[in-house]
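Colleague: Just so you know, the sequences run in chain order A and B.
Per our numbering, residue 3 is the first one in the first sequence, and the count goes up by one each step.
Per our numbering, residue 3 is the first one in the second sequence, and the count goes up by one each step.
In case anyone wonders, no lab produced these hints; they're calculated from the structure.
Be a bit skeptical, because a hint or two may be false.
Copies of the same chain look alike in the list, so a pair counts if it works inside one copy or between any two.
What the hints assert, rightly or not - The calculated DSSO-like cross-link candidates involving lysine-lysine, where the alpha carbons are at most 30 Å apart (straight line), are:
id, residue 1, residue 2
1, Lys62, Lys226
2, Lys136, Lys97
3, Lys364, Lys115
4, Lys136, Lys24
5, Lys316, Lys231
6, Lys315, Lys277
Number of protein chains: 2
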Amino acid sequence: MQERVYNFSAGPAVLPLSVLRKAQEELLCLPDAGCSVLEVSHRARPFDEIIIQTETNIRKLLNVPDNYRILFLQGGALLQFAMIPMNFLKNTGKKADYLISGTWSKTALGEAKTQGETNILWDGAESGFRRKPKPEEYTGNPEAAYCYTCSNETIQGVQWREYPDTGDIPLVCDASSDIFSRSVDISRFGIYFACAQKNAGPAGVTIVIIRDDLVERSPKELPKMLNYKVLSDGRSMVNTPPCFAVYMVKLVTEWLLDHIGGLEKMEQRNAEKAKYLYDVIDRSHGFYRGHADKEYRSMMNVPFVLPSEELTKKFLDGAKTHHLTQLSGHRSVGGCRASIYNAMPEEGVLALRDFMLDFARKNG
Amino acid sequence: MQERVYNFSAGPAVLPLSVLRKAQEELLCLPDAGCSVLEVSHRARPFDEIIIQTETNIRKLLNVPDNYRILFLQGGALLQFAMIPMNFLKNTGKKADYLISGTWSKTALGEAKTQGETNILWDGAESGFRRKPKPEEYTGNPEAAYCYTCSNETIQGVQWREYPDTGDIPLVCDASSDIFSRSVDISRFGIYFACAQKNAGPAGVTIVIIRDDLVERSPKELPKMLNYKVLSDGRSMVNTPPCFAVYMVKLVTEWLLDHIGGLEKMEQRNAEKAKYLYDVIDRSHGFYRGHADKEYRSMMNVPFVLPSEELTKKFLDGAKTHHLTQLSGHRSVGGCRASIYNAMPEEGVLALRDFMLDFARKNG
Chain A
3 MQERVYNFSA GPAVLPLSVL RKAQEELLCL PDAGCSVLEV SHRARPFDEI
53 IIQTETNIRK LLNVPDNYRI LFLQGGALLQ FAMIPMNFLK NTGKKADYLI
103 SGTWSKTALG EAKTQGETNI LWDGAESGFR RKPKPEEYTG NPEAAYCYTC
153 SNETIQGVQW REYPDTGDIP LVCDASSDIF SRSVDISRFG IYFACAQKNA
203 GPAGVTIVII RDDLVERSPK ELPKMLNYKV LSDGRSMVNT PPCFAVYMVK
253 LVTEWLLDHI GGLEKMEQRN AEKAKYLYDV IDRSHGFYRG HADKEYRSMM
303 NVPFVLPSEE LTKKFLDGAK THHLTQLSGH RSVGGCRASI YNAMPEEGVL
353 ALRDFMLDFA RKNG
Chain B
3 MQERVYNFSA GPAVLPLSVL RKAQEELLCL PDAGCSVLEV SHRARPFDEI
53 IIQTETNIRK LLNVPDNYRI LFLQGGALLQ FAMIPMNFLK NTGKKADYLI
103 SGTWSKTALG EAKTQGETNI LWDGAESGFR RKPKPEEYTG NPEAAYCYTC
153 SNETIQGVQW REYPDTGDIP LVCDASSDIF SRSVDISRFG IYFACAQKNA
203 GPAGVTIVII RDDLVERSPK ELPKMLNYKV LSDGRSMVNT PPCFAVYMVK
253 LVTEWLLDHI GGLEKMEQRN AEKAKYLYDV IDRSHGFYRG HADKEYRSMM
303 NVPFVLPSEE LTKKFLDGAK THHLTQLSGH RSVGGCRASI YNAMPEEGVL
353 ALRDFMLDFA RKNG
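For reference, chain A alone in the conformation it holds in the complex:
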C-alpha cells in the first residue's frame, strides 16, 4: 500500500481503515457466495443477508422505533430534496416550512419550490449562516405539510444541538453530515435522511429513515423510483440497489457497534476531536477565525479563515507537506475547512492541531 494521508475531505470522506481492509479482503469473493459483492445478484441470499443486517445495525445504533422504515436509495441528498416535496407537498394544498441555516437547507428549498409552495420560517443568510435559530425566532405553520431542517450545515459548520419541536407537523431532517456522529431521538422526526459518503459509507447510497404513516401518503401516480411507498414496499429493491455501497454501510455500522461501542462513545470521541481544533482557533488571538457562533459549532466540519488569502494558500500548501489534505474551504465560501467525521482518527486531528499551532507561531 502507498502512504495514506490524513484526508479532511467533506465528502466523500475518510473511512475506517479496518473497514477498508475488510472490504479489500472480501473483494474477490464474499464468504460463502462464490463471487464478489460487486457481482452477487441482489435477489440472492448473500445480498439479502447484507441488506437485512445493515438495517438491523442502523436500528440498533439509532434505536429506530418500529414504526419507521429504513430505505437505501440512490441520487444523494439532492434527490431527496425533490422527492420529499414530490411525495408530501405537491397537490396537498399546503405549504412546507423551511428553516434556512446554510447552503444545504437553501438548496433543499430551491428543489421544493419546483414542486409546491414553501414558507421560510427563518433565514440565517443575513447573519452569514453562523447559527441555527432560537425557538423564539420562528413560528411553525400549524397547517404546514412538513417542517424542513438540516442537522449540520457541512459548508458553514453549523449544527443543531436541540432539534426544533414541531409538534404534529412532521420534522424532516437532512443528517447527511452528522448521521451516526451522536445519539438522536428518531421519534422526533418524520423523515431523517443522509447520503452515506460523509459519515456512513461511500458515495452512492442514501439512508432514509421514514415514519410509516408518511410512507402511506405517497401519491400513487409518482414514478416508482420517486415514490417512498413503492420503494418501501419493495424493501429498497424495486430495482437493483447500489449493492456495494450498502455493503460498505454494513461494515461501517459494524465498526460503530463493535469497535467504537455505539453512538454515545462515538459522540464523546467526536467532541474531543472537535475541541482540539476549536481550542486552537479560540486561543490564536484572531489568527484563525471560526465561522460559526460558538454554541452552534459543528463537531463534524470546522471551517475557519486565516488573516489573508496569501496565508491561506501557504497554510494549505504547508499542510499538504505534512500529509494533511483536502483542507480547502468549499469553493462557495473559501478559507479552510477540516472535516473530522467519525472515521478521522484522533491522531489525524492532533497532527492538524500541531500544524495549526506551529503555523500560527511562525506566521502570526
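Assemble chain B onto chain A, guided by the hints.
Modeller: Chain B only, in chain A's frame:
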C-alpha cells in the same frame, strides 16, 4: 480467496477477474491519491481524472460522435424510464411511441404513462415476447416525442439485430443488458442508456449517452437530479456521483480496450459463447426449449425450459454442485436462464454446455 463459481446472474453479474484484482489492489490507496477511491473527494484531481478517462474509454469503444454527451447517473434504468418522459414528453402536447418486446420495455411504458400520453406501436405480449417486430409490423407517429425500444430484453432473451429506423424521431434505447457487447452506431439514437450492473460494472451507476439537442430541451422547472440539462452541464457532478461505480466502469472499459481489443472482438467472443448454448438447445430434441425465436435470440441472456418443473429443479441443483450458479429464470417467467455477459469466460460457458449435455443424456 475462496473458490469462485461460474455466476450466470442476470445482474449484478460476473466481472472480469483482472478488474476485480486491480480494484482490490488499489482499494486502500489509489495511486498518488493518498486515500481510497471510496474516500477521495469527487472535486479532487484523482477522481476528475477517473471520470474523464471513463468517458474517453466509452467514446472510444462505442465511437460516440462529438454531439453526444455521456452522463453517469444514479437510480438505474428504472429512473431513466421516468426521466425520459419527464424531460421529453410531459407538457409537449405530443405522444411517445413505445415498442413493447418484453418485461423491461413494458415497465418503461408504465413509467412513461405517469408523465404523459403514450402510443404502443407494437406489442409482443400476445406472442409471449419471443421476438422483435419486423419493420412492416409498425408505423411510427411522425409527430412522436420519441420512439422507445429496449435493445435486449434480459428476461425474455430477445435482442434487436437491426435497430428500428425512426427517421427524425429520436430513438431512445435501453441497452442495459447489451451495452459493450457489440458495436453499435450511436448516431442512430437520441438516447442510448444502460445501467452498469450487467455488462459495464457494478450496480449503482447508469450510463446515459444523449444527443446534445435533446439535452437542451429539458424543462427548466425540473428538479436538478431529474434534469438532463443540469446533470450534463454539471458533468454528472451536480452532487456527488457514485464514484466507486464510475471507477469500476473505468476498469471494465479499460479491460475491453486493452485486454479484449474492442467491441468487434468482444462481439465475436459473445457470438461464440452464445452458439455453444443454443447449439445444445437446438440439438436436444426438445429436451431444452429456448424462449426466443431463433432470429431474435439474445447473445447475452439464454432463457430455456426443461420438460418439467421437477427436472428444472434437478437441473438447477445439479448445476450448483458443478459450481454453475444463478441459473434460475426470472421469478416472473420461471425455467432457466444463463446470462453470459462479456465477463463470463468461455470456460464457464463450456462448463455449462457440458453439464447441459450430460444432464440431457441422463434425464432425456
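Colleague: Determine for every hint whether it applies to the structure shown.
Modeller: Verification of the hints:
1. Taking CA atoms no more than 30 Å apart as the test, Lys62 paired with Lys226 passes inside one copy only; the shortest distance there is 29 Å, against 34 Å between copies.
2. Only within a single protomer do Lys136 and Lys97 lie at most 30 Å apart by alpha-carbon distance; the minimum there is 22 Å, versus 52 Å between protomers.
3. For a Cα distance limit of 30 Å, the shortest separation of Lys364 from Lys115 qualifies neither inside one copy, at 49 Å, nor across copies, at 66 Å.
4. Taking CA atoms no more than 30 Å apart as the test, Lys136 paired with Lys24 passes in neither setting, with 44 Å inside one copy and 52 Å between copies.
5. Taking CA atoms no more than 30 Å apart as the test, Lys316 paired with Lys231 passes in neither setting, with 52 Å inside one copy and 38 Å between copies.
6. In this assembly of identical chains, the alpha carbons of Lys315 and Lys277 lie at most 30 Å apart only when taken from the same copy (24 Å versus 62 Å across copies).
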